[in-house]
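Undergrad: Protein sequence lines, in the order shown, are assigned to chains E and F.
For what it's worth, the working numbering labels the leading residue of the first sequence as 1, then goes sequentially.
For what it's worth, the working numbering labels the leading residue of the second sequence as 112, then goes sequentially.
If you are wondering where the hints come from, they were derived from the structure by calculation, not from laboratory data.
Below, simulated SDA-like cross-link-like pairs (lysine to any residue); rule was C-alpha separation at most 20 Å, straight line:
#	chain 1	residue 1	chain 2	residue 2
1	F	K181	E	Q67
2	F	K181	E	R66
3	F	K343	F	R438
4	F	K362	F	K415
5	F	K181	F	M197
6	F	K362	F	Y418
7	F	K181	F	V502
8	F	K181	E	F74
9	F	K181	E	S65
10	F	K181	E	F45
11	F	K181	E	D50
12	F	K415	F	D374
13	F	K181	E	A41
14	F	K181	E	T43
15	F	K294	E	Q67
16	F	K249	E	R18
17	F	K294	E	A68
18	F	K294	E	S65
19	F	K181	E	A71
20	F	K435	F	R353
21	F	K435	F	L395
22	F	K181	E	A42
23	F	K415	F	A145
24	F	K249	F	K259
25	F	K294	E	R66
26	F	K181	E	A40
27	F	K181	E	A47
28	F	K181	E	C39
29	F	K263	F	L250
30	F	K181	E	G73
31	F	K181	E	I53
32	F	K181	E	Y70
33	F	K181	E	G69
34	F	K435	F	D342
35	F	K181	E	A68
Quick caveat: nothing in here was measured; it's all calculated off a predicted structure.
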Amino acid sequence: MAISPHGQRFDALVERPRLWRRWQRDVGYTLWVSFLMACAAATVFFAMVDPEILSGTTTPGWEISRQAGYAIGFFGFWMLTAVTATFVIWLVRSEPAGVAEGTRDERRDLP
Amino acid sequence: MSARPRGGAGSAVPGSLYVAHEKVYPREVSGRYAALRNLAVWVLLGIYYLLPWVSWEGRQAVLFDLPARKFYIFGLTFWPQDFFFMAWLLIIAALMLFFVTAIAGRLWCGYACPQTVWTEVFLWMERITEGNHNRRRKLDRGKWTREKLLRKGAKQFLWIGFSLWTGFTFVAYFTPAAELGQKLLSFSAGPWENFWVFFYGFATYGNAGLLREQVCKYMCPYARFQSAMFDKDTMIISYDQRRGEPRGGRKRTADPRAAGLGDCIDCSMCVQVCPTGIDIRDGLQIECIACAACVDICNDVMMKMDYPRGLIRYSTHHAMEEQKPVRVLRPRVLVYGAILLALLAGFATAVANRSTLIVDVLRDRNVMYRELPGGLVENVYTVTFVNKTEVERHYELSAHGIEGLELSLDAQLPLVSAPGEIRRVPLRMRAPAVAVPARGADVTLVVRALGEVPAVVERGARFIGPADERGTSQ
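Same shape as in the complex, but just chain F (with noise of 0.2 Å):
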């Protein structure tokens, strides 16, 4: 191990095809499954540094309120207390990368992790300044002249410019984004805003530009366990053995049946363009991110040697192995998916029904309970409202539980809250001694909210009287 050189030109490990290397060049590759990933890195890219930007009924379509300890999500309003359903949310995301990668195996590394999709971004804005792999490897290895400067700069410039409007727009999802443009502009932010902005853009800098796969090498768990949800019928990345072996070197015109060969050539193009530098040829590895650069490459070869597509593609252990054909439909996948449908129309039942007001009543604990002339119980209550929806309401309050049981608000009437407010009443009910069992009684409270969002809360409440012969059980 100690033979492993440290960096720079770097130098063969004997018996190896491959030189360690400080840095990797990554050959570029076109085709379906590139033209698939850009896609990919155009929707979700674009969602992220556009949602912002989007207006719905006067304010951010897409905010996280932190100040005000509210989530606005398009016509939804989240509060802190709503916070189950961001857990479900989560179970559901957990679930649907079990289906998916049952299905196609590490889709989600492929195409759709903010990883993958900001390394592919930040490796195209290094392309445009600084050339293709060649270019690329020599102006690192030559001297600092004007170019180099200049190339090197605006790559920098490119990259550093780009984690900052990444870290604004990050800022943006928790301070309107307007508002935080003009603070910005005029160096009037507060500095956590400026602290989240540099903070969120180096990340994205160190993790994009600089480190780029060797997170998912080293420091992704989803790498470490995804073996555990494939099974031998899950779509992967695959190197046709079968097909491709004896690999080797041949003319194009060559018969390659005559001279013993299978449809391998051997031009190593499928090494060379991995970002991780595994060989495909060797089997899955846990290093492969299923990014399909290979089967791009590889289609290419084949096509200029006119041999068939797909000497690396998609395909199942069952398919290669076995030749058995691909089978998607499967238990595993069927249970994962009625699970997923399961908690997915439970979680949109639940969002939709939500609770859009709380109510919450507690006991004065200071007195227990009051006697008023005319043969009357007083209890002290403290009734606080959450109105959860962003119109105003006013409610309508009643009780039962105790025969006689009447309600007086110290409020005025009639009892308002504005949007989002959270409004506290103190709230006395009353009922006839003589109505009041000596023990208490459970007494239930009743609250209408009247307004464009009609509401109706029921809550239980402890109502005490005296334990004595005025009760009526005694």
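Extracted from the complex, chain E is given alone in its bound form (with noise of 0.2 Å):
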């Protein structure tokens, strides 16, 4: 049995999810974000330079098809925005403390 704060009893506690510990969070914002931006950056690259074209002009020794081509630049994309987002979510969590002014927390401090 358990007891609600309004003094209701339940004969079950009622779950929520468990929340994310920080490097699940930091793993799930840097894989999405940097997906998204990848998807994105694909998409206007592509609209403009055809991979083959591409590939005829600075790799001429290597048979990049369209498809292949296009794989190779999203995940190019992906890795290059996958870094860049870890990067910065290192840069953000490794602030020494004294560094930043109004940060969330110590804005959280503030009465």
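The two chains are supplied separately, each in an independent frame; assemble them into the complex guided by the hints.
TA: Here it is, written out as structure tokens:
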């Protein structure tokens, strides 16, 4: 039996999802945000550049089909954006105390 | 924080109604809004899964032919050069989201977001294989019996099968569905086709089967900025505090007013059904994805208690706090609506009138001009014709800008281009030297495309002649 803050008795506690730990949130933020940006970047880039022509002029020795070009482009963008996101999260997380003014935690402490 | 249970059976956080748990088993809901969501699921997923199988004039109606760099949407063909339309469409979509959010909050999240829609289907598959939330909890905690194995196996079978079908459908928007199906069944699909089927299938499985509302809670950017689009007249899911409080248990027959109670019987149903695990009675929270499950379940409870429905309902801050009527038409909504209409009308006009012919005129870079016998000057150009229609066309060319300007084509006449062909043709323009100004002149090439879809395109080009006494202006 559990008792609610309002004095009501329950035969079972209400379950709520366990909060994500910091590393889970970091991985989630990084992968998801970078994925969205990679989609946008790949769409814009390949609307203007034909991967076949690009590989024909820059890497004529390799045979890269359009389909492979799209995939390489998309994952290339994703890698780039994911590295950026990781870097940003790391910088924010490792902010030394006393360096940052007006961060969330600081504001929370205000009356 | 260190006291937080690490999953498994879970334990209560002191003083809290909740138990943090690795996995939630939200109670099933039925009702008006659940029915609406089911309808949305059927319509949206119906469109998604069936569209690749619809034909239009002998080809797949909606096909993004990446290898050919052409995009077919029913009767329309788009080229990468039409990217501008897609950007425009995205702006319309964003504004639509603003508009809808201003009126009725996170309708998108509750009914239309792919995350919601697919999660709903995965939940349904979980329910038919493992039973309702109580049976699922028991099953998860129980020993591995034959029944558990069979039920879990059946669920995974459905989930994985559905995910793969989803991946297949995704790729079928890029490779014609029938062709792709045959290729996959005979194991002759290209490596990238196989890869994307599995990649998209895996993403579906992970997002809808495993992560579910965690995506909304942690990863969705919209959840973080949606409150900026709200005002006090936005319809949101609200708990009627005036009516509900003071909350408390009572007998069904008891008169709540006599007992000094509000209408909320504190049955905690609204919390039990919440997929993100919030208590709507605490007010609007960022986690609320507006699924309205609490509205449905509370209405059920109210009916059982013989109380009026709508203790939790869609309402506005103004209506709840200040007893003002719900006001939908207000400046913000009207402005969003007007901009949206203008953008939509502009989009429709632009698509209807978009050019079906691209003509590019490029001067030959090696030779400035050439003098021909008979006092003529010749300039050479390369003309590119992009026939953006699905019909054959032939072109008539003419030019003006200099007196006596003539065209000469090396290509065979009539100049024809196949559907969707990009054709480059060398073009010579000739003019009497005496008619060419010393600094050259701007000439205009007029291309008339004849055929089922006629078009006229004019392109400017520079015509250069000798800058000496042979020119007239000297």
